[in-house]
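Those protein sequence lines, which keep their order, are chains B and X. Numbering-wise (the UniProt record's numbering), the first sequence opens with residue 1 and increments by one. Numbering-wise (the UniProt record's numbering), the second sequence opens with residue 1 and increments by one.
Everything labelled a hint here was simulated from the structure, so no lab data went into it. Backbone N, C-alpha and C define an ideal beta-carbon position, used for all residues, glycine too. It is possible that part of the hints are untrue.
[As the list claims (entries may be wrong)] So these bits of chain B aren't anywhere near chain X, every CB distance computed over 10 angstroms:
{"no.": "1", "residue": "E15"}
{"no.": "2", "residue": "L62"}
{"no.": "3", "residue": "T475"}
[Said to hold, decoys possible] If you want a taste of the chain X side facing chain B, the calculated C-beta under 8 angstroms gives, among others:
{"no.": "4", "residue": "V45"}
{"no.": "5", "residue": "L66"}
{"no.": "6", "residue": "I134"}
{"no.": "7", "residue": "I141"}
{"no.": "8", "residue": "I149"}
{"no.": "9", "residue": "G152"}
{"no.": "10", "residue": "F163"}
{"no.": "11", "residue": "L167"}
{"no.": "12", "residue": "I175"}
{"no.": "13", "residue": "L207"}
{"no.": "14", "residue": "R347"}
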Amino acid sequence: MTDFSQSLALIAAEELLTVVGLVLLLAAAWMGDKSSRLISIVAVAALVACAFIAAPALCGGLMGPERVAFSGQYTADAFSAFAKLLIYASGIASLIVAPRFFDRVGAMRAEYPILVLFAVLGMNMMVSATDFLSLYIGLELNSLAAYVLASFLRDDERSAEAGLKYFVLGALASGIILFGMSLTYGFTGSTNFAAVALAMDGTLATGALVGLIFVLAGLAFKISAVPFHMWTPDVYEGAPTPVTTFFATAPKVAALALTMRVALGAFGTQVDAWQQIVIFVSLASIVVGALGAIGQSNIKRLLAYSSINNVGFLLIGLAAATQEGASAMLVYLAIYVAMSVAGFVVVLLLRDAEGRPVEAIADMAGLSRTRPALAWALAAVMFSLAGIPPLFGFWGKFVVFQAAVNADLVALAAIGIAASVIGAFYYLKVVKIVFFDEPANVVARDGESGVDALAHKVVLLIASLFISPLGYLLTPWLGDLADKASAALYFAG
Amino acid sequence: MDGFPILSLMLLVPLVGAAICFFVPAQTARMVALVATLVDLALGVVLWASYDIGGAQWQFVERAELFAGFSYALGIDGIALMLIMLSVFLMPICIGASWNSVTKRVGEYMAAFLMMETLMIGVFAAQDLFLFYIFFEAGLIPMYLIIGIWGGDNRIYASYKFFLYTLIGSVLMLIAMFWMVREAGTTDIPTLMATDFPAGAQNWLWLAFFASFAVKMPMWPVHTWLPDAHVQAPTAGSVILAGVLLKMGGYGFIRFSLPMFPEASANLAWVVFTMSMIAVVYTSLVALVQHDMKKLIAYSSVAHMAIVCMALFSFNVQGLEGSMIVMLSHGLVSGALFLAVGVIYDRLHTREIDRYGGLAINMPKYSLFFLLFTMASIGLPGTSGFVGEFLSLAGVYQISSWVALIGTTGIILGAAYMLYLYRRVAFGEQKNADAAAMPDLDKREWAMMLPLAAAVLWMGVYPESFLAPMRADIEWLDQRLEAAAPAGDAHLSEPNPEAAAEHHGEEAAAEGGSHQ
Numbered sequence: 001m002t003d004f005s006q007s008l009a010l011i012a013a014e015e016l017l018t019v020v021g022l023v024l025l026l027a028a029a030w031m032g033d034k035s036s037r038l039i040s041i042v043a044v045a046a047l048v049a050c051a052f053i054a055a056p057a058l059c060g061g062l063m064g065p066e067r068v069a070f071s072g073q074y075t076a077d078a079f080s081a082f083a084k085l086l087i088y089a090s091g092i093a094s095l096i097v098a099p100r101f102f103d104r105v106g107a108m109r110a111e112y113p114i115l116v117l118f119a120v121l122g123m124n125m126m127v128s129a130t131d132f133l134s135l136y137i138g139l140e141l142n143s144l145a146a147y148v149l150a151s152f153l154r155d156d157e158r159s160a161e162a163g164l165k166y167f168v169l170g171a172l173a174s175g176i177i178l179f180g181m182s183l184t185y186g187f188t189g190s191t192n193f194a195a196v197a198l199a200m201d202g203t204l205a206t207g208a209l210v211g212l213i214f215v216l217a218g219l220a221f222k223i224s225a226v227p228f229h230m231w232t233p234d235v236y237e238g239a240p241t242p243v244t245t246f247f248a249t250a251p252k253v254a255a256l257a258l259t260m261r262v263a264l265g266a267f268g269t270q271v272d273a274w275q276q277i278v279i280f281v282s283l284a285s286i287v288v289g290a291l292g293a294i295g296q297s298n299i300k301r302l303l304a305y306s307s308i309n310n311v312g313f314l315l316i317g318l319a320a321a322t323q324e325g326a327s328a329m330l331v332y333l334a335i336y337v338a339m340s341v342a343g344f345v346v347v348l349l350l351r352d353a354e355g356r357p358v359e360a361i362a363d364m365a366g367l368s369r370t371r372p373a374l375a376w377a378l379a380a381v382m383f384s385l386a387g388i389p390p391l392f393g394f395w396g397k398f399v400v401f402q403a404a405v406n407a408d409l410v411a412l413a414a415i416g417i418a419a420s421v422i423g424a425f426y427y428l429k430v431v432k433i434v435f436f437d438e439p440a441n442v443v444a445r446d447g448e449s450g451v452d453a454l455a456h457k458v459v460l461l462i463a464s465l466f467i468s469p470l471g472y473l474l475t476p477w478l479g480d481l482a483d484k485a486s487a488a489l490y491f492a493g
Numbered sequence: 001m002d003g004f005p006i007l008s009l010m011l012l013v014p015l016v017g018a019a020i021c022f023f024v025p026a027q028t029a030r031m032v033a034l035v036a037t038l039v040d041l042a043l044g045v046v047l048w049a050s051y052d053i054g055g056a057q058w059q060f061v062e063r064a065e066l067f068a069g070f071s072y073a074l075g076i077d078g079i080a081l082m083l084i085m086l087s088v089f090l091m092p093i094c095i096g097a098s099w100n101s102v103t104k105r106v107g108e109y110m111a112a113f114l115m116m117e118t119l120m121i122g123v124f125a126a127q128d129l130f131l132f133y134i135f136f137e138a139g140l141i142p143m144y145l146i147i148g149i150w151g152g153d154n155r156i157y158a159s160y161k162f163f164l165y166t167l168i169g170s171v172l173m174l175i176a177m178f179w180m181v182r183e184a185g186t187t188d189i190p191t192l193m194a195t196d197f198p199a200g201a202q203n204w205l206w207l208a209f210f211a212s213f214a215v216k217m218p219m220w221p222v223h224t225w226l227p228d229a230h231v232q233a234p235t236a237g238s239v240i241l242a243g244v245l246l247k248m249g250g251y252g253f254i255r256f257s258l259p260m261f262p263e264a265s266a267n268l269a270w271v272v273f274t275m276s277m278i279a280v281v282y283t284s285l286v287a288l289v290q291h292d293m294k295k296l297i298a299y300s301s302v303a304h305m306a307i308v309c310m311a312l313f314s315f316n317v318q319g320l321e322g323s324m325i326v327m328l329s330h331g332l333v334s335g336a337l338f339l340a341v342g343v344i345y346d347r348l349h350t351r352e353i354d355r356y357g358g359l360a361i362n363m364p365k366y367s368l369f370f371l372l373f374t375m376a377s378i379g380l381p382g383t384s385g386f387v388g389e390f391l392s393l394a395g396v397y398q399i400s401s402w403v404a405l406i407g408t409t410g411i412i413l414g415a416a417y418m419l420y421l422y423r424r425v426a427f428g429e430q431k432n433a434d435a436a437a438m439p440d441l442d443k444r445e446w447a448m449m450l451p452l453a454a455a456v457l458w459m460g461v462y463p464e465s466f467l468a469p470m471r472a473d474i475e476w477l478d479q480r481l482e483a484a485a486p487a488g489d490a491h492l493s494e495p496n497p498e499a500a501a502e503h504h505g506e507e508a509a510a511e512g513g514s515h516q
């Protein structure tokens, strides 16, 4: 255990985000929306600084009591650092791509970067929480910022609808989690993960089991796993695309990291109780995500179903309930973030002659002849999401399924991977429309020049290089970091 | 050649060529592709020339620990060498076949073909289980694009079918691979080939691999993607598909299924035999009634690959050698036949057999080549087809006379549909004026046909050149299979040589006596 000053030192990144967020809020109030670009730049700089603060914990594989702050409420170990780095990267990407999108409708407000910062702060707390109370505070801080972000285009009906839907269903899920937490507390006598794990060892009281199920159900909502996935396509479609980019990446990382810490940490002594639930949820997510995507005509809805599908694959790593499985999930998450960012940046770059965003898949027909670079990037994302080697998306599936087989879940692995073929169908459909069909000539031939367009292309280039076959050269490094992070998770658990 | 990474170089040359092709205009892309494939062919010749027959089992070995979980390990034995030679030999011909017929998006087309070449060589040269899988699966992407972008009318259906069929076959294999690696603790293919997996698990593993290779091969009843893919693919796509991609299935059996799971192979050989027997007869009959030339040749491919399957599971040296020679021969012959179809398709833009006729009159040189390849497909002595099919069926006969009997009917039916095709296209009267006006082969077409014809005759007359590098590897495999090999059904009554000699001697004496 650490004293108060050491605790404060451990949460340096969170403090930085809080202070910068509040200062920027004041700046926005005084300087108005003209300052939005400056505020975005400061926000990006703050996230980069946070990344530098978090990186040593990961590279050093730090764990143990000296990384625990505030009497077991919070830990700044390698596991949380891994998740935080992914969250910062997603946050930076969605800040960079925002101005060009919002400027077109004159909706670039100074609040956007600040809300992203607060959401990131909430996610930081989620991934670092080692107590149900700090978990809940982080979850709510993130969710409240996210509800506002979803309805950020105030005069757009779809955006407002997305925000409302997200809010109502999100509040319900939070209630479910809270109910589960209170049951867990009632039957174990503690909210601390380690203490809960200790108290649950041995026979599981029915009340505690119900608590466990409720907590996991609420978390399944947050990671948009079947059967709590219904909100995802609507919110992804309705929210402004930069916000969708954010939703598809950062909160997913945070919620999955949180789920891992709760399942393997707090409920780590009752693996048998939740393993079957996770197996069901993962297979259901894979199948529903794949089947649901087939009929979609909007690329954002398709990517939403794709994210449900991917969560299913990620949960296979959790079902393994081993350190290898946790490590595999982290590798998959890193690759998933890169794939999603690349996918959404491509969508953001698609605009018609008048600069309106193009979202209908049919309008992308023949893109390979009008915008070849963009078409190849999109094809790479699609094949990568489908898990076809040599693209890097395959590696994520590879490690996850390997972990499942090594945990003696051969049947789960076989069924899961066979179901991934269903998913391949709709990814192929996108490639078919982009490459095989006659050009629809909806997408404007060349994007405008300027800093913003260049920034999009740089983000896309980085993400595409990561998911290209060159990504395999990173596997030793990525695997090493994920191993350190999962070792920290297991140490704490 | 010690230490020089020639296999990596062979992978790299087409890859660099592919990268260049993306960015250059059409004519330059054609040249780049041709040069890259010819350089690879030259490297392949060097590879063959410096391959030490009777030397180490694995040669040109390279290894680098670049990745987590698996390594970049390359190396070849004689079997892989021959299949790599087939790939690099067919590639320049494919580029030549697309020289004039592909006019849209030439750069991307050439890039896709060069990527295919890298991946094909990678499949045969990979010495790491997962590296093999990556190369094996990655071939789906360029082939999907080749069929889908440059294919015929129904290309989209065909490309989906090709992709999804092969994908579902392969993913189960991946799970089996995970299990094997966990059991054996290594991803090294040569080590795994000598690992004895528990007999109970072997059947499951074998079935998972079978799911993948049977689709690739393709075996009845999962062959239905092949006719669609072939008919819709551009000529060069068909050549590569028939010439090399199908061989990946056979290579998979000989490299993985047989040496890694010998007991399961013996237990489940009946599955292979049943499916192959049905395939030989059924697809040959289907080929007989086709109106579309490419479809006919596609079905004949299924029939030929069924003979390969039978021979692979005959558990003796003749069968294994025969299957390899049929694979090589079929690679050349079916490639050549698709090319021959492509030549007249380029002129008349139809694959309907009825639209041609009497081509021997206005295209005598073409008809000569077409005849040679038709005969090679039938298995006429002197051509490569005869050597392979004879060895294969001789091998199969040792294990099951019934399978050999039905397999042989495939050859008779093969003669029927091929000769019938040839008669309708090349002989008879010139009933279509436009077909009668077609010019004979030009220089480019000569340059594509001649090497294929030479290779077919070489393999038919002196197969030793091709068998010699593989002999030691096939013997190794035969020894590996020996313990598991099932008994044949021929129940030979063991003759007593001495008694026979005496008996013979008496007879001779009696004959001699009677003559006196």
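These are the hints, each one checked on the structure:
Interface exclusion of B/E15 from chain X stands, the closest Cβ pair being 35 angstroms apart, more than 10 angstroms. The beta carbon of B/L62 is kept farther than 10 angstroms from every beta carbon of chain X, the shortest such distance being approximately 22 angstroms. With 10 angstroms as the threshold on Cβ separation, the claim that B/T475 sits away from chain X is violated: the shortest Cβ distance comes to roughly 4 angstroms. Among the interface hints, the one on X/V45 is violated; its C-beta lies about 28 angstroms from the nearest C-beta in chain B, farther than the 8 angstroms criterion.
Hint status for X/L66: holds, given a least beta-carbon distance of 6 angstroms to chain B, under 8 angstroms. Given hint, X/I134 at the interface with chain B, holds; its Cβ is 4 angstroms from that chain's nearest Cβ, closer than 8 angstroms. For the restraint placing X/I141 at the interface with chain B, the shortest Cβ-Cβ distance is roughly 6 angstroms, inside the 8 angstroms limit, so the hint holds. A hinted interface residue such as X/I149 counts as satisfied when its beta carbon comes closer than 8 angstroms to some beta carbon of chain B; here the least separation is about 6 angstroms, so the hint holds.
For X/G152, the shortest C-beta to C-beta distance to chain B is roughly 12 angstroms, which exceeds 8 angstroms, and the interface hint is violated. Taken as an interface hint, X/F163 checks out: its beta carbon lies about 6 angstroms from the nearest beta carbon of chain B, inside 8 angstroms. At its closest, the beta carbon of X/L167 sits 5 angstroms from a beta carbon of chain B; the interface hint therefore holds under the 8 angstroms criterion. Here the hint on X/I175 is kept, as its CB sits about 5 angstroms from the closest CB of chain B, short of 8 angstroms.
Among the interface hints, the one on X/L207 is violated; its C-beta lies about 11 angstroms from the nearest C-beta in chain B, farther than the 8 angstroms criterion. With a least beta-carbon distance of about 26 angstroms to chain B, the hint placing X/R347 at the interface is violated under the 8 angstroms criterion.
This entry does not satisfy hints 3, 4, 9, 13, 14, going by the numbered hints stated previously.
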